[in-house]
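Q: Residue-level listing of the chains:
Number of protein chains: 4
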Amino acid sequence: MKIWLLGMHGVVATTAMVGAKALEKSIVDSNGLVSELPEFDGIEKIAPPEFDFSGHEIRWINEDAYDAALKHWNLNKHYDYEILKGVKDDLKEIIPKKGTALNCGPGVESLGELSAFEKEGYTLREIVDILRDDISEFVKNDGVVINVASTEPVVNFSKDYHDTLEGFETMLDDNITDHANASMLYAYAALKEGIPYGNFTPSVGSSIPALKELAIKNRVPHAGNDGKTGETLVKTTIAPMFLYRNMTVEGWMSYNILGDDDGKVLAHAENKESKVISKDSVLEKTYGYSPYSICEIRMFPSLVDNKIAFDFVHFRGFLGSKMKFYFIWDGIDAILAAPLILDIARFLYTAKKRGEYGVIREMGFFFKSPMDTDIVNTHRQFEILKEWYKNLGRPKGLPKKGILTLGT
Amino acid sequence: MKIWLLGMHGVVATTAMVGAKALEKSIVDSNGLVSELPEFDGIEKIAPPEFDFSGHEIRWINEDAYDAALKHWNLNKHYDYEILKGVKDDLKEIIPKKGTALNCGPGVESLGELSAFEKEGYTLREIVDILRDDISEFVKNDGVVINVASTEPVVNFSKDYHDTLEGFETMLDDNITDHANASMLYAYAALKEGIPYGNFTPSVGSSIPALKELAIKNRVPHAGNDGKTGETLVKTTIAPMFLYRNMTVEGWMSYNILGDDDGKVLAHAENKESKVISKDSVLEKTYGYSPYSICEIRMFPSLVDNKIAFDFVHFRGFLGSKMKFYFIWDGIDAILAAPLILDIARFLYTAKKRGEYGVIREMGFFFKSPMDTDIVNTHRQFEILKEWYKNLGRPKGLPKKGILTLGT
Amino acid sequence: MKIWLLGMHGVVATTAMVGAKALEKSIVDSNGLVSELPEFDGIEKIAPPEFDFSGHEIRWINEDAYDAALKHWNLNKHYDYEILKGVKDDLKEIIPKKGTALNCGPGVESLGELSAFEKEGYTLREIVDILRDDISEFVKNDGVVINVASTEPVVNFSKDYHDTLEGFETMLDDNITDHANASMLYAYAALKEGIPYGNFTPSVGSSIPALKELAIKNRVPHAGNDGKTGETLVKTTIAPMFLYRNMTVEGWMSYNILGDDDGKVLAHAENKESKVISKDSVLEKTYGYSPYSICEIRMFPSLVDNKIAFDFVHFRGFLGSKMKFYFIWDGIDAILAAPLILDIARFLYTAKKRGEYGVIREMGFFFKSPMDTDIVNTHRQFEILKEWYKNLGRPKGLPKKGILTLGT
Amino acid sequence: MKIWLLGMHGVVATTAMVGAKALEKSIVDSNGLVSELPEFDGIEKIAPPEFDFSGHEIRWINEDAYDAALKHWNLNKHYDYEILKGVKDDLKEIIPKKGTALNCGPGVESLGELSAFEKEGYTLREIVDILRDDISEFVKNDGVVINVASTEPVVNFSKDYHDTLEGFETMLDDNITDHANASMLYAYAALKEGIPYGNFTPSVGSSIPALKELAIKNRVPHAGNDGKTGETLVKTTIAPMFLYRNMTVEGWMSYNILGDDDGKVLAHAENKESKVISKDSVLEKTYGYSPYSICEIRMFPSLVDNKIAFDFVHFRGFLGSKMKFYFIWDGIDAILAAPLILDIARFLYTAKKRGEYGVIREMGFFFKSPMDTDIVNTHRQFEILKEWYKNLGRPKGLPKKGILTLGT
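Chains as they are written, first to last, in my numbering: chain A, 1 to 408; chain B, 409 to 816; chain C, 817 to 1224; chain D, 1225 to 1632.
One thing to keep in mind: the hints can contain errors.
[What the hints assert, rightly or not] Some chain A residues flagged as far from chain B (calculated, every beta-carbon gap over 12 Å):
#, residue
1, 120
2, 138
3, 160
4, 219
5, 302
[Claimed, not checked] List time: in silico DSSO-like cross-link candidates among lysine-lysine, alpha-carbon distance up to 30 Å:
#, chain 1, residue 1, chain 2, residue 2
6, D, 1546, B, 493
7, C, 841, D, 1546
8, C, 1138, B, 732
9, D, 1546, B, 485
10, C, 904, A, 322
11, C, 901, D, 1548
12, A, 386, B, 693
13, C, 893, B, 485
14, C, 1140, D, 1548
15, B, 433, A, 324
16, B, 732, A, 285
17, D, 1312, C, 1140
Honestly, the hints are just simulated from the structure, not real lab data.
Values in this document were obtained by computation on a predicted structure and should not be read as measured data.
For glycine and all other residues, C-beta sits at the position ideal for the given N, C-alpha and C.
Work out the full structure, taking the sequences as your base and the hints as a guide.
A: Next comes the structure, spelled out in structure tokens:
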């Protein structure tokens, strides 16, 4: 299958490409790939673990994926150099297309000089047409689009332009740039072309009503938002424990430090806001009440792509006595995120082949802020994913095999 | 309902009694009580949260429960003194019966001079008869027996005496003391009287075939072993996360320190062994393979009943890259354990009223080493408990409401 | 000796009073008191550990010290209730005088309705006259003044009014309230009366040139600023280690959470700024270079006076390899701070008796931002304190016994 | 200068050789080298940072230092591969001589088949003669010997053979192998040849009276024992803080995990014992009393040479209130140890050139169990090292510049 990556030269995208190619060549095993678990046996028949990549970029657009991967590797050394060497030839052939960074905020602007259509005077409609052509020419109805570009600022929501597909297309035609941003345009382009779209970032992507409408209309599956890779993964795994034991969480501190481009972008308040909202809402969704919560992300340059999270939970047990729980997560962001890109691609592709469309809520397992569901408990999400997979493609008349239902 | 506590003067038992009485008087709320969650609505009609207590002891047997509770409070100050004051009159009336500490190992012997029948020359059969009389006279078919006595050494299993009820009774009649220990005798006494038995400790209790046979024969429910209160609770909550993401656990270190009587008893290698086996097996049960594992408990006197666990997980993700996860659990053992005593009592009592008997595997949620099941994932255990409760008492002919099944 | 406390009803002040009285009555031992170390033998002859207390307040000014101590105890339970009971009579007699909260910022205003002279239309000169009368009447040349009031915003420095004593007094006379704040007025009052002044807070206190001039002129010793009690104590103890081993600190994260009044005041950006500057400068003073640094304080209500610090040090060793060090400090702020109040009082009092005056730089051991010295290494500070004490009162002609010198 | 390494193919020795050569070629900077601090200016004139290496080994004795370094690098990747490539030619030329592993215990035996003289029937005297020849031929009075071999079991002390040089030589002549072990024989060989000896391990080395006598007689400086690189470095830096503040340490837990050869050797109780004694005594030396202490080292294979220490300090402050301090040290053993090999070599060499001999107590800064002194406080040790260096070679008649004295 084909994977079109938005932000193709980023550390997550390049690590995913390195990994996919290394897997094909048996340089590495399938460790880290959810879709390779025995629970998902059979997926290899629909979506074999063989991928062709391309994508849009706004940086280093004349360089190939190997050049970009090497830059990230030199900073991070996040995997064995032998792996990179082993896939060099494959990555040398992958070259991105120029994209858009419309309204991506000061964080993205700070990454250096950007190559983006809006900087050259193109209108929204012109940009979208180019994006559609690029994507469809490569994917040819045999793949998906995944957004791994930097986090955008919280979108300035407009009832007129975001609520209906008609409004959205008016915005494009009238070139109303204030209410458009890059992730929307990409999502529109993908869905318009009938290609499944996965949003691995907290950017708005396909989550506005207008684009959900488009997905239904064109019968395309999409999923998001914001890959659940580190602290939030741990948090949503452990948080239910306090609930099950009827203990009250008095406060939860989550403090994250990281370096690299992601750290640079998130060091800008506007760009960070989307991320913090995405991370912070999981406690209320878990408990039904809102414990006192600190949820922070800060730049720490020397860590590069190594992300450390410090969590502290103050909880009250029997007789009102307070106790403490601390955790430290010392992870490597790209290593945690990259395999999920491949997983999301495979599941979305399988969904399409099996006739599913609209928001695939059952893929919430992969996301911090899963669309159209309040289930954030990692364990329930995994159960739901398994059952959904098991029932995929069953004739609609038959009863589903599972019993777990979505909803709050 | 009545709760007969084995080890009535221990810190867990006294805290449970304080809490139960304080709850009745609305001095405290139901925080920490699983059975008070909305998922278990209706249990108050079968097993209302009102409890009468008594029990067996081998220490301070002329003292009342208030005296014992005060001793523990003075060392630990683990809850507000006002709570203890508020239930003083209730606890003054609770006085234990003399029990047995047969083959309880050097750890228990180190607690001080013990008052136990075997020290006065009673035979096994004589001891068992007294225990049965004490329990049935108090409980009168309206309650349960819960074991919260100190951890015994690993039992010296005997095919002759432990495998069948007949063999077990021969052991009693022939006074074969080498193969008997206190927790077995208590479990036998309870089950023989038709009273549900819960084992909150890693001691053998009712888990030998002979006593399982007795429970089936007498149609009594029983459950155990070893209350899941601290590190193991966190471990079995978080461990599945690595599995869901197909990441390999290279090693897991669990290091526990605590003081108090529990620490004193576990400082003795023989007594500690049962506990470590109970804690250590959860990784293999979770993963199917055995990661390198360190699982240790050590005495740390100044902590008294404050138990701190240090865990470190070394895991391998995509492309073979290793990452680290640490947690520190700073809990108060009795605060964590005490409410579960009341929960287990209520669920066992409800099981009996609803006609369930034998090992109640669906209560595995409460235990480190749940009998007759390999499911240790806290989340699955909670789902199973909920479904079991929902279906309790449904006529056998009807299909069960849930789909989750037990087994590996 | 007498101790006049600015912020007499705060948790630190009341805990110091409880401790001092409990020590006199042998209810507690001298654990935590630096001045009771064998290194300071003989101090009991000059400044015996017997203290009378009074002070200024802006809250609860009609209540006595016991009432205030009990309020704090009920929230924090930071020591045994028996201790508080044992000194109740002593504290019932201690009642504060009304003080000033001039320009203390929104954090202090948020504590509730304040009783302060400036709110009743008094001029600076009138306020200062009252403060002087209150202090001198109580202290009678036999004690010290210690500032334990809440942290003020960073002062708006004025060359005209802060640089010389003459300018300062012009400010008072002309009632230039914009450039005055409470801690300066108190410091002026104390020094003007010839009474030693210790500043346990990061507020400006006596650290402006004008007041240093006054201290020299009136031959009064003073010391400050900002008691070194928790994270900064650990940080300045451990930070030199990396220097000694010639390892480079790439970054240091310090993240503090606490509740209580202190947390409330510091939740206001203006008030927090003083504190963060005070804490943050220690790395540069230690290393000569400025590692990347995060230094944050955040409110966490359920902790009350329990303060937790999370530190992470990323350091580079031989061959450029990076390594990690983490610490968690789980302390009780008032317990750490209170004994130092008594220590600072005794050392300042001893200094005065031995003829020392001006800034006592050798007392830097007690402070986060010691005045007039860049030595922040806790070990060197302790050596310096010991030597200074040993040489106190030696005739000026004789060579000093020690060799450690101050300065960068 | 020349450095003769005992255990030349180990991870510490090879990392030291790589680093020294990389430093000469300016591939790396002097980060991590104590002797390159400004405090030790001038040392480059006596002991320039240029080193020739050779040594004894019992493993892989036909391989060169590059082969050994590469093996360790492949397991650990503890520094940039470019560094290793840059010094390949230099290391290819370094080939060890066969040595001895006499009475090195089961831990060392477990490393694989050993090449050692005692296995071929040589007598003690014969072995010692060979060792002396090997060392003196290479070092030629222009270097030092450093022991970086694996930890030996605690020595079986013999008054007859260890107390005097005469007794020791009788042991050699009479071939009394029960009371001899490898580290003694090497230390004897070095000192007998007049070559300074540094013991970076907890093995006995030169610390028996007989060898101290030899060092005095031959006017050779020696120093040890057991390089202070990780947890003990942090511990002896932070422990004095509690003392300075007159707070009582109720208990201190130190739990270390590591993999690699060091972990393998220390997994054997006999070999671990020396290490634990060395680490554990620092608390008593710091406080004068012995807090409750846990001090453990455990194998954790996946960490390889990455060593993680978990420490917990329970301390009591003012009014008897208890507080908690935790630290996690995530270091790379060889990176921490290797530069100290070069430092110790340079200081010992300088000492010799300046006419110092016997135990150089002032080098205690580098060791966990410094010989002939109870000073373990890292800060005092650094001050002492600086002053000693400053006064090195001053005519004996003149007063020393410093004042810090050794002794308890």
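Q: When the structure is checked against the list of hints, which entries are broken? Sort them ascending.
A: Per hint list: zero violations.
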